[in-house]
Amino acid sequence: QKEVEQNSGPLSVPEGAIASLNCTYSDRVSQSFFWYRQYSGKSPELIMSIYSNGDKEDGRFTAQLNKASQYVSLLIRDSQPSDSATYLCAAGTPFGNEKLTFGTGTRLTIIP
Amino acid sequence: GAVVSQHPSWVICKSGTSVKIECRSLDFQATTMFWYRQFPKQSLMLMATSNEGSKATYEQGVEKDKFLINHASLTLSTLTVTSAHPEDSSFYICSARSSQGQPQHFGDGTRLSIL
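Protein chains in written order, with the numbering used here: chain A, 7 to 118; chain B, 9 to 123.
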């Protein structure tokens, strides 16, 4: 069974610090990886997508992918209170409809 | 770009009512749309995948006669919850994707409450 695992948290980080969110996946054929942010009572919002090994930066966000270790991470620099949310990691496989398998999410709280 | 509109945002209705939820991609053509359900404090659960002009593919345990999905065009998919009961109360979220490998973009969700 395909699984995506995340530490459920809560993860508390002081404002201005770096928040580090981790995710592992079990299906080795996964080719696409996404991080979504979900505020309470709202739908997920795409933060980052990553397809190749290495780092991908977008503003304060950096996604890291290591396919050999089946590991994906998201770093948030200069954390702001507005970053407080649940972060969902998702992995997609290149077959058929390419469904995404979501992790259960990590709840992040930025402490002012 | 990549805006997905979902309507309605909230539905409160009596048990036995059928409810239709619309999902539209506003600025791109969505070859594939997905329907999810999310219960409080749980992650997204995929219900079904729909491709334009084709029958939806339902996940195991999801009743296709209960949750009717129509993907009539590249910008519109609908989910109809037939004869809804209190246990169907949940947060229903659609997503749309332009092509394989591209991210799924989510609608704002529909909170369904069956009395």
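Each hint should be verified, as a subset may be incorrect.
Derived lysine-lysine pairs resembling BS3-like cross-links, with alpha carbons at most 30 Å apart [to be verified]:
#1 B/72 <-> A/73
#2 A/73 <-> B/22
#3 A/105 <-> B/28
#4 B/74 <-> A/62
#5 A/73 <-> B/74
#6 A/48 <-> B/49
#7 A/73 <-> B/28
#8 B/63 <-> A/73
#9 A/105 <-> B/22
#10 B/49 <-> B/72
Just a sample of chain A residues kept apart from chain B, beta carbon distances all over 12 Å, derived [claimed, not checked]:
#11 18
#12 23
#13 26
#14 28
#15 52
#16 88
Simulated coverage check for chain B against chain A, where a stretch passes if three residues somewhere in it have a Cβ under 8 Å from a Cβ of chain A [to be verified]:
#17 81-94
#18 107-113
Hint data in this document are derived by calculation from the structure and do not stem from the laboratory.
Just so you know, these numbers come straight off a predicted model, no measurement behind them.
Glycine included, every Cβ here is placed at the ideal spot set by N, Cα and C.
Here is how each hint holds up against the structure:
1. B/72 <-> A/73: Distance of about 36 Å is beyond 30 Å: violated.
2. A/73 <-> B/22: Roughly 49 Å between the alpha carbons, so the hint for residue 73 of chain A and residue 22 of chain B is violated.
3. A/105 <-> B/28: Cα-Cα ~23 Å, so holds.
4. B/74 <-> A/62: violated, 42 Å
5. A/73 <-> B/74: violated, 39 Å
6. A/48 <-> B/49: This hinted pair holds, its Cα atoms lying about 12 Å apart.
7. A/73 <-> B/28: Between residue 73 of chain A and residue 28 of chain B the Cα gap is close to 41 Å, so the pair fails against 30 Å, i.e. violated.
8. B/63 <-> A/73: violated, 34 Å
9. A/105 <-> B/22: Outside the cut-off at roughly 33 Å; violated.
10. B/49 <-> B/72: OK: residue 49 of chain B and residue 72 of chain B at ~25 Å, within 30 Å.
11. 18: holds, 18 Å
12. 23: holds, 26 Å
13. 26: holds, 20 Å
14. 28: The claim holds: residue 28 of chain A sits with its nearest Cβ about 16 Å from chain B, beyond 12 Å.
15. 52: violated, 5 Å
16. 88: holds, 18 Å
17. 81-94: violated (count 0)
18. 107-113: holds (count 5)
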